[in-house]
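K.L.:
So the chains spell out like this:
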Amino acid sequence: MSRLSVRKTYKLYIGGAFPRSESGRTYPVTDAEGAFVANAARASRKDVRDAVVAASRAFSGWAGRTGYNRGQILYRAAEMLEARREEFGLPLDEVDAAVDRFVWYAGWADKYAQVVGATNPVSGPYLNLSTPEPTGVVGVLAPSGLLGLVSVIAPVITTGNTCVVVAPDAVEAITLAEVLATSDLPGGVVNVLTGQAAELGSWLASHEEVRGLDLTGAEGEQAVEWEGLAAANLKRVRRPDPAEDWPAEPALARLTTFVETKTVWHPIGV
Amino acid sequence: MFEYAPAPESRDVVALRDSYGLFIDGEFTDGGGVFKTVNPADEEVLAEVASADSADVDRAVAAARRAFDTVWGSMPGRERGKYLFRIARILQERAREFAVLESLDNGKPIRESRDIDLPLVAAHFFYYAGWADKLSYAGLGGARPLGVAGQVIPWNFPLLMLAWKIAPALATGNTVVLKPAETTPLTALLFAEVCQQAELPPGVVNIVTGAGETGRALVAHPGVDKVAFTGSTEVGREIARAVAGSSKRLTLELGGKAANIVFDDAPVDQAVEGIVDGIFFNQGHVCCAGSRLLVQESVADEVLSSLRRRMSTLRVGDPLDKNTDVGAINSAEQLAKIRELSDIGEAEGATRWSPSCSLPDRGFWFAPTVFTGVSQAHRIAREEVFGPVLSVLTFRTPAEAVEKANNTPYGLSAGIWTEKGSRILWMADKLRAGVVWANTFNKFDPASPFGGYKESGYGREGGRHGLEAYVK
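Those protein sequences? They're chains A and B, same order as listed.
Here the first sequence stands for residues 1 to 270, where the numbers follow the working numbering.
Here the second sequence stands for residues 1001 to 1472, where the numbers follow the working numbering.
Please note that a few of the clues may not be correct.
Derived SDA-like pairs: lysine to any residue, alpha-carbon spacing no greater than 25 Å straight-line [what the hints assert, rightly or not]: (1) K1430(B) with R7(A); (2) K111(A) with S1136(B); (3) K1337(B) with G1373(B); (4) K1472(B) with E82(A); (5) K1443(B) with E133(A); (6) K1472(B) with S23(A).
FYI, nobody ran anything at the bench for these hints, they're computed from the structure.
These numbers come from a predicted model, not from an experiment.
Please put together the full structure from these sequences, using the hints given.
P.N.:
As structure tokens, this is what we get:
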């Protein structure tokens, strides 16, 4: 008799743990041929709130790490992803592109401040420095595909933000969450929710503790509605771009959408 | 204390007209309506000003689009830059005229309009003039202009906010439709004459005066590619909702409730000067005003008695007197708001104090005021007063100071006063604010980015960062 395989249960990823949805709901995930793969967790409003709490708690610690350390951890994520490239059930070159994307951002963690910061030559006896800082908790409506998923998460956390990600592809998203959970990334820095974006997006967009909203994976009317909701606490918003070329080398804009510029003045010679 | 003799600045340098039109496509034209602008120091009607309705806004946006398509958007940067240099020079030549008009229309002391506003206005045009032909060095990719910028500015620094908006927009190749505040339209209209003297091509800069409706029409106009707004957080939210789902780019410079933090090792006299500058500069009509004083408990009595003594020397009165420190509140409406919040401060149990000073009979006036015994829950500690009203809270440890300073939905600015360098750097790192002044306050410079965290808005103005809002 042949061996019966042990199937994986796909749960949410919140605060470094893998809970089921608070609502107890699931939805079936099928493969390209329509065969059953798993019952994935269908996140609820309460899961959104729990994930935001986790992301919020993780923020000061993550933002306070050195860029060097964040870069090391992102590179570690690339290592773990490389080691698990078979698990996604995707063509390997797709996974490889995602690995390389982590590596690309890993290198930015301790460099972007030099590129986008400045010493400003003001007309007076002052030292005047501008440095980028993370915004806080960023809500991410992820696009489908592993490369897309990594391409929206990596820049947000590279700069020290934490995030709550609503991901359309449960298997890829939770497998990636398992990669992150084993990569020295502190719990709560990335939180992954699977389920229906249409059901979760408005809670994320209107949450007071969420400081930024990446609508990359949001569709037409919903993107408009959620951008409107984001105005309540003046979230920084990135609008969807249907023409986005995922394999191309990313522009700096994904790194800088969710950073603030802090300018510090001090007198000289007094 | 001795009294200074009055030293009034002459009004003769300004030729006020009875009425002013809209500035569209290089010409002054009538608008759909009219309104009056008054001198807040004596309630004298200064002039009648055209009010732009949606048809006028249509005309202005069409003119800006035409100018963008036919001349400005494709002009080499070095030529655009020369226009900006011309404008900067003309502003310097006519600085006194602008300063007097600004003080008449706004109520700010001539000492400030002459020595702070106008030099900074010219400096902004000079700074961005030099960027026009160097955009490829700004690290912003292709740095192509967006098109037509719709810009709405407030009444607290009418001409300076115009410069902050127009200079980077033009340097990057955009054309502009700007709406000044309804209580302070005059210097923007005088600026239109500067554009004519500089022979700026028609339609590159358009000025549409009016109230909220004009602003809404401009922000919502489908021909506008970029919206830039400075003003209240409430209106900022409304604008963010209005542009949601459009392709318009948006930057917002909104309210603040800045903490000015004084440690026990700070030099008291310097800190007191900084506190006074932080809250009484420009009558406190400053979005980054240091309106929450956080003073370390051990030196609170000493700092406060020194502050009261210093406040007693502030001269409140005629904005055109060169000895005046604190001018008029910009409008009756703003005065009512300041009075209301101050009354609430008293009603909630805080202790109110003002130096004895006689205020003029006519006009809108409010004496410099300090509230002590304020708690974090008090409305005067949470809401932006936008007037010469300081709330004082105390703290014991640096961590408590950080906690209290950050306990606000705003995040525009903060001040730190201490002799200890490592503490300055630690505090500056922890404070969630876009501008941190250490051992100084309310310093501005075109080379320096300015803008807020959280509900103080998004985007930065000034410096290389300020270009980003106007390019794709």
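K.L.:
Each hint: holds or not?
P.N.:
Each hint tested on the structure:
Restraint check for K1430(B) and R7(A): not satisfied, since their Cα atoms lie roughly 46 Å apart, outside the 25 Å limit. In summary, the hint linking K111(A) to S1136(B) is supported, as the alpha carbons are separated by about 20 Å, within the 25 Å threshold. At most 25 Å may separate the alpha-carbon atoms for a hinted pair to count; K1337(B) and G1373(B) meet this at roughly 21 Å. For the suggested pair K1472(B) and E82(A), the alpha carbons sit about 35 Å apart, so the restraint of at most 25 Å is broken.
At most 25 Å may separate the alpha-carbon atoms for a hinted pair to count; K1443(B) and E133(A) meet this at roughly 21 Å. Restraint check for K1472(B) and S23(A): not satisfied, since their Cα atoms lie roughly 43 Å apart, outside the 25 Å limit.
Checked against the numbered hints given earlier, this structure breaks hints 1, 4, 6; the rest are met.
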